[in-house]
Amino acid sequence: MVDDASEMLDSRQSRAYRGAVMLSMFVLWIVVFIGIFRGWRWTPILALATLGWTLVLLRFHMTSDIPLSF
Amino acid sequence: MSMFPMSSERAVFWSRIINVVALLGLLGVLAGSLHLQLGIGEQPCPLCLVQRSGMIGLAVGPTMNLLWGIRARHYAISILAAFAGGAGSVRQILLHIQPDDPGYGPEFWGLHLYTWALVTFALGAAGCALLLMWQTPLDAGDTGVMGQRGWLRALSFFVIAWLAIDLLIIGFTVIPECGLGMCPDDPPNITGLGDIGGWIGILVVAVISAVIAWLLNRRLPERSVRY
Chain G
1 MVDDASEMLD
11 SRQSRAYRGA
21 VMLSMFVLWI
31 VVFIGIFRGW
41 RWTPILALAT
51 LGWTLVLLRF
61 HMTSDIPLSF
Chain L
1001 MSMFPMSSER
1011 AVFWSRIINV
1021 VALLGLLGVL
1031 AGSLHLQLGI
1041 GEQPCPLCLV
1051 QRSGMIGLAV
1061 GPTMNLLWGI
1071 RARHYAISIL
1081 AAFAGGAGSV
1091 RQILLHIQPD
1101 DPGYGPEFWG
1111 LHLYTWALVT
1121 FALGAAGCAL
1131 LLMWQTPLDA
1141 GDTGVMGQRG
1151 WLRALSFFVI
1161 AWLAIDLLII
1171 GFTVIPECGL
1181 GMCPDDPPNI
1191 TGLGDIGGWI
1201 GILVVAVISA
1211 VIAWLLNRRL
1221 PERSVRY
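For the protein sequence lines, the chains are G and L, in the order given. Positions 1 to 70 (my numbering) are the ones given, in order, by the first sequence. Positions 1001 to 1227 (my numbering) are the ones given, in order, by the second sequence.
Calculated directly from the structure, the hints in this document are not laboratory data. Heads up, a few of these hints could be off.
Claimed, not checked - If you anchor each label on the Cβ, the simulated ranges turn out as follows:
#, chain 1, residue 1, chain 2, residue 2, range
1, L, E1009, G, D65, 47 to 57 Å
2, L, I1175, G, V56, 39 to 49 Å
3, G, M62, L, W1151, 20 to 30 Å
Said to hold, decoys possible - Stretch-level coverage of chain L by chain G, calculated; a stretch enters the list once three of its residues show a Cβ under 8 Å from a Cβ in chain G:
#, stretch
4, 1014-1021
5, 1028-1035
6, 1075-1084
Every residue, glycine too, gets a C-beta built ideally from N, C-alpha and C.
Generate coordinates for the entire structure from the input sequences, incorporating the hints supplied.
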């Protein structure tokens, strides 16, 4: 039962990995910089969204255990 | 009463200089990491890319301050970026925290690069907090360097162009390393340009940035960005 659950979790995670694109983080930053230079009003919102996306990608890359009890 | 008694114009001028110096510091970090990647041939790990993203986010605040005018919300973006990038650094430090763990990648002055990244994020957040205590430039109604042709606008364009080119290089080099998916945890080393070749590459980027800045400063009219 536990093995099934962990397999299902692994499968979900690998789907998430495939859907998440590391390149997208830098594409978003490029759009932010174009926005700053062009004076687009929504650029700060996009910058915050890009920071959020950075944290999501960080979470997806937490693939190995930290050698401490937390 | 202001903490630093100074006229609005002088306060904005010195605040812009501090923002330019901050961007130059971040450029040094990014250029060093690109030298390691394209010169020495050590490809960045996924957590390193997350920290690079945090560095770029840290640079967004000063860039907005220079082009749009000094605002508290721009410093706030940099502080939040320091937290996001710092999370990546802390994660990587904790992965190698046990005694006798050799750590990941090369050391610089006795510390691994992810530890230096955490120091950079901490200094960036602290610097923004200190600048937020300086009220005069925040209240000056500054509209940025776009409206003022001159050496400070050219210098601002230079550091921002250099940053933008570094961002493009980082973005393009992610494709051969990671494709269109997630990056490998421990990417293999590549054949780089060599130590001297890497520094020459950085020099070439600096020269291109200087030419772009000179052209922009010459051709762009004196105007303010509406924001």
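Hints, one by one, checked against the model:
{"no.": "1", "hint": "L:E1009 <-> G:D65: 47 to 57 Å", "result": "holds, 56 Å"}
{"no.": "2", "hint": "L:I1175 <-> G:V56: 39 to 49 Å", "result": "violated, 20 Å"}
{"no.": "3", "hint": "G:M62 <-> L:W1151: 20 to 30 Å", "result": "violated, 46 Å"}
{"no.": "4", "hint": "1014-1021", "result": "violated (count 0)"}
{"no.": "5", "hint": "1028-1035", "result": "violated (count 0)"}
{"no.": "6", "hint": "1075-1084", "result": "holds (count 4)"}
When each numbered hint is compared with the structure, violations occur for hints 2, 3, 4 and 5.
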